[in-house]
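Participant: This is what each chain is made of:
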Amino acid sequence: MIIQFIQKITSISILGFIMSLSMVCNTFSQTDYSANFQKLNSRKAGISFKNQLKEDANNNILRYEYFYNGGGVAVGDLDNDGLEDLFFTGNMSSNKVYRNLGNLKFEDLSRKSGLEGKEVWTTGVSMADVNGDGLLDIYVCYSGKGDPKERGNELWINQGNFVFKEEAAEYGIADQSNSTQGLFFDFDRDGDLDLYLLNHHIQVINELEFDEAKTIRHPYAGDKLYQNDNGKFIDISEKAGIKGSALGFGLAVIASDINQDGWMDLLVTNDYIEPDYLYINNQDGTFSDRITDYFQHISHFSMGADIADINNDGNPDVYTLDMLPEDNERQKLLYGPENYEQYALMIQKGFYHQNMRNMLQLNLGDGSFSEIGQLSNISNTDWSWSALFFDATNSGNKDLLVTNGYFRDYTNRDFLKYKGDYYFKQAVANEKADTLHLVTTMTSTPVHNYFFENQGNLEFKDRSLDWGFEEKIFSNGAAYSDLDNDGDLDLVINHLNETAGIYENKGETGNWLEIQLKERSKNTNAIGAKIQVNLAESNQFYEMQPVRGFQSSVSQRIHIGLGEIETVKSIQITWPDGALQVLENIEKNQRLTISKEPNSQLSSKQKAEPVLISSDNVPPFIPQSVGFNDFKRQPLMLTMPSYISPSLAKGDLDGDGNPEVFIGGTKGQAGKIFSFVIGEWIPYARFTSSASVTDAVSIFEDFNNDGAQDLFIGSGGYQDYIGSDEALEDRLYLNDGTGKLTKAPFPNYKFSTGTAQAIDINKDGYFDLFIGARMIPGRYPQIAASKILINDGKGVFTDQTIAFLPQDGKIGLVTSSQKMDFNGDGFDDLLVAGEFMNLTFLINESGKTFSDQSQKYLASPLSGWWGSLALGDFDSDGDLDIVAGNFGLNSQFEANEQKFLKLYSADFDQNGSVDPILECFIGDQAYPFPSRDELLDQMVSMRSKFTDYASYSKAKMTDLFSSKELDDAQILTANTLESIYLENTSAGFVAHALPKIAQAFPIYAILPIDVNHDGHLDLVLGGNQTFTRIRMGLIDAGLGLVLSNDGKGNFEALLPSESGLNIKGDIKSILPINVDGQTQLLFGINQQALQLFKVK
Amino acid sequence: MKSLKIYLILLGLTISQLVHAEPKSPNWPKIYADKLFQLTEIMVTDVASPPVAARIYAYATLASYLTIQEQGVKFKHLSLLGGTYLAQNSWSTPNASLKSPEFAAIIAMLQVGEAIMPSGYLLKERQEEWISEALKAKIISKKELQVHLEYGTEIAKSVMEIAKKDGYLQLSTLTRYTPSQGEGFWYPTPPAYIAAVEPEWKTIKPFFIEDLAAYKPTPMAPFNLTEGSSFHTQLMEVYTVTQELTEEQKLIANFWDCNPFMVDFSGHMAIGIKKISPGGHWMGITGIAAEKQQLSFAETAYVHALVGLTLHDAFISCWQAKYETNRIRPETVINQKMDQRWRPLLQTPPFPEYTSGHSVISRASAIVLTGYFGDNFEFIDSSETYFGLPERPFKSFLLASEEAAISRLYGGIHFRDAIDEGVKQGEKIGKMIWERTK
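Going down the list, the protein sequences come from chains X and P. Letter by letter, the first sequence follows residues 1 to 1096 of the working numbering. Letter by letter, the second sequence follows residues 10001 to 10438 of the working numbering.
The set of hints was computed from the structure by calculation and includes no laboratory data. This one's a predicted model, so the numbers in the text were calculated from it and none came from an experiment. Built from N, CA and C at the ideal position, the CB exists for glycine as well. A few of these clues could be false.
[What the hints assert, rightly or not] Each pair of labels, with its calculated beta carbon distance range: (1) X:668 to P:10085: 55 to 65 angstroms; (2) X:803 to P:10167: 40 to 50 angstroms; (3) X:622 to P:10167: 52 to 62 angstroms; (4) P:10203 to X:434: 54 to 64 angstroms; (5) X:434 to P:10341: 50 to 60 angstroms; (6) P:10227 to X:668: 53 to 63 angstroms; (7) P:10146 to X:962: 25 to 35 angstroms.
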């Protein structure tokens, strides 16, 4: 073993490690590394451990809730021979310890060492040098329904040579809780290891007892924090702010310095309704659960978890597992009705936004997180237990293992709905019903584990089947370790009812380093230390904390993948007490043991000022909340079209040089105008609007050619508007020259307006109007005719749609538009986009008509779920380019040239209502999106077609409808969900995807503006979608995003600390205004106060 | 009347044949009840909600009744349909005199069940069974089978034509229910928080009731948690009564539970435990009475249709009241304001509280059954034996209906006024129907 001591005093700026998102973790993408895990023949390896369950009258899922949760794994060098040894826990079978003999051979020393445990339900295990004598000790957790006295947890103190002595009682941690896992860490930085004990309840709490249960500490279910006081552990849970209610169903605990303040924080995942806890270390011996401050939504039935820096930006990212399957069939068997009332109750009772899927909370620094599990392609891994991020390919990016599988398909909806028939049928047959029989005859579906390769761009690629995880099996606890010391990480997985698996990594891997830390304190392995590996273009970040995944404890060494790199410039170690040590010029492919020799000091943080600076001086418009649930009207829609406000527009109505800003209203609250006068926003008295309308778009222009600005407002929304609603009429307010706005006669067509352009179509010098029709409330997605309204010069508009627009105006569900002279003929043309609609170029034919010439400007049609458009010269070539905001990639939906999203609609059941049915790809096949309950609720005829969930779980559109019905239906499509930059070239517009993080949310507002004064137009983007179907969940990853442009159309995302934007909510509009001689940006956020930012 | 003579001749033939073939005539009330229970089993599987189940019973029993009526058989009482909106309806029935209207009537009932229920296809097999039973028992011959089947099918079709126009198919076009804001309003209840069941059921066409407004219950006690208020007193009654239940009261509550879908949770595992609906229970009682009285098939079909149609009208009226009042359930208010740990003995059903459905429909059914069979008709109710409950003797239908009503208090799912006013509502509906039919 090579031991290096490197001493050099260096000053390191922590900020230096924070990299822009777009730059990170693409360092090694040029080389194709691979992992290839081969499961060893267990007999040859000497492994016989099998977590075998025996289901009988006394031991079954009905008696014990967590009967199928499985066992754990711990790895660590128990005899300090340089090879990491193995420990397995068996729920009902004996625990086993194996000495690593090298060359992947193991010797069973369970009996000799006395580590077999007791006849009590065994759960998690961790290895740590608890007494600081340089030997790893083992802490084993117990649970089950038996006598609490029998299930005290065990602490096996290592005496050397595989001799162990159980001393939990002596240390004060023979705790009788229903424990899942013990995690040792030094939370108070006093140099010894404390213990967080993760527990779970063994009974389900009825929902309405929640309020009471929350307030009471449960002796066996509540988690505990033990402080190490000279070798005696003292329970300080209550004092330290650790929650201990009976609602806790703790399944994983991970320690990490999440806020990067030098003190260990904790993530605790909870099954069922109790939210996970994110305990931030207050540095004073206490913790505060700050999960709702840090995360905007979380996984629901949270299980295993891991925390690791997945994008090499120096910030630990948080990943929690849940139980959403990947394939259509298992999803359809799982999804029930959407229950908005239950969800509202959950929110009201403080259980927060929880959704059933894995969540990846990308750490953007400063306590800001964006949940991008779906964007990253790691959200659906079925009933998942362990998550481990580690660099299996030594590429420099951490890959991901997810173990999974549940022995019985309890969540199958048919079980809920139809298994109860068993009792009835037994009674009719005059036979006794046996619930255990019911349970043990439930189907059992083994599934393959998931392995994902980190692509280095926030995306993970599913490699499960290529890299050795094709076997269908039940898997629980897991750990990684370089078991054969060959420079790559191998895997150990505890399977249910099968022999545990050792998976040797035989892949084509890159260079590597392995570091073992030696502290001088009692925390001999330096748990809580941080390692920063500084490379040319990125930095890798690791935390020394072996308890990860589920009920398990991984290698005690830090394994670093280097890809092609031969020599590492420097490695910075932050020891648990904060001391810094820097190693320089480290050669590849070696195993280092680093003893603590601090040689560096932390430089003071110098924080660069962000480009946008928040200002309090916002117009005093306080939006009211509105309570419409559009899905009650059309249950098969995907998002709610009522929530579009506020629209923003600026003008100068009274010609005093001070801007007026119109803030759009929504049904229930009228829109208002404010003037900026001597540093203050004053309500503008000479305009009133109505509270019955929803303002979708607003334009200040001189429409009657009298030199004074008038105001056009397009009325949109959905709410409870009916087709003949006056509230759907667009309005024109003419300025009398003094600034007084009066409603003028205007064509009274009625639909929900999506967009409008003031455009002089016929070049007569007067602004005409293009009005984009978004939808007909209650009849989504029927297409209404968009309008061309020609201005006679006096502000009198006539509807000339038929003459001007193709398809008599029925061009799509229009949301956005821009005007621009695409062909340079002097006549302004239109660019139009919408939901499930092609990006459409309407070319103005000399003021006579518009023709759709999209194919001339685009190599192939770009149909999307478009929400916004903007123009600007981004590549500095003198012509205008386009930015188009789409739905983004952070959802369950996928669309590309091979996989169209198709929105079918018709009154299929001929009862007078429009039935919109989305068909989307799941894997290689397209299926209807609605769950069985949703479909059957909307269409009576489907109730006899799909009498159970199983029959619907394989159904395709052609099983729902005849080919004639499908042929006759209206079909709208989308072939991309990416938000794009369209570069204007001589060969038309060429699409480039915006940076990955800009795909994490739907974009509804785009402002091209040079925010960093480098002469190039940057982009400020806003979006998100809170009003989705429950099972889609909140899409809230956007915090207001600034993309800086290098002048060639290459965009780079700024972090919140760089941009200054950290807006939670649905941004609907961004308006630049000039006040006090300064450019400021006004953000319109749905149902929230406006936010104002000054451009630095 | 046209085919009465023929029928009598046929009846004579049938009897003589049966006498010839077997010593006694078929136990028609039992056969009828067994066949109707085949529909009930499917409702249980499909989890038909109480109002939906009543609608199914109404059209299915109507089909068997109509078969007999169209064959010109004379009933003890007036035409059942004379008092309904279908009085003037002309039914397009084939011009055939059947040897066994009974056989065709059961076919018609099973076919309506097949058409009207999601899993109705399961009744195809039941029809095959019935055909072979009937052939074996020489109720019909092979030669006569076709004409009987055609007749039954035609009847089922005409009934389904009526059913298609009663508003049911329009329900999914209406805006879904949103709970009212404010105190005292219904909100989905634990443990499954199932969405409101059929909030727009008032739009379904009843058979007898012309104006739903005429059967609205007296206004309920307003939500008021001040001590001494009627609501508070009733609230305390539910709270205390349910904590001092005798074994007999618990049995009563369970006996009349009739919850088609009780969700039993155990962690991630949830099972729906199923029972027959309130309507199913009264259909059961009707069958028991018919058998006890040894009614003819025609009368059996008559009284089942009478109760079936009554149930349907009573549910529509009750459901209108429920979604006009939107009253909170005891469980919600007790958990919110008094005692988080309190649980009702029965799982709270997923719809508003006022009036008690079981009270309304039990009383309405008991009134028409009393009218038909007479008061103090003793019977042993074995409807719930398949659901683990014992047989239960009753001195009269009215006493049974009173027990059904008060069971909701013991079960902790209704307040007193919803029960008392529900009984009155049901009584009014029942009396109106019986007046028109007797």
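Participant: Take the hints in turn and mark each one as holding or not.
Facilitator: Status of each hint after checking the structure:
no., hint, result
1, X:668 to P:10085: 55 to 65 angstroms, "violated, 42 angstroms"
2, X:803 to P:10167: 40 to 50 angstroms, "holds, 45 angstroms"
3, X:622 to P:10167: 52 to 62 angstroms, "violated, 44 angstroms"
4, P:10203 to X:434: 54 to 64 angstroms, "violated, 44 angstroms"
5, X:434 to P:10341: 50 to 60 angstroms, "violated, 31 angstroms"
6, P:10227 to X:668: 53 to 63 angstroms, "violated, 37 angstroms"
7, P:10146 to X:962: 25 to 35 angstroms, "holds, 31 angstroms"
This entry does not satisfy hints 1, 3, 4, 5 and 6, going by the numbered hints stated previously.
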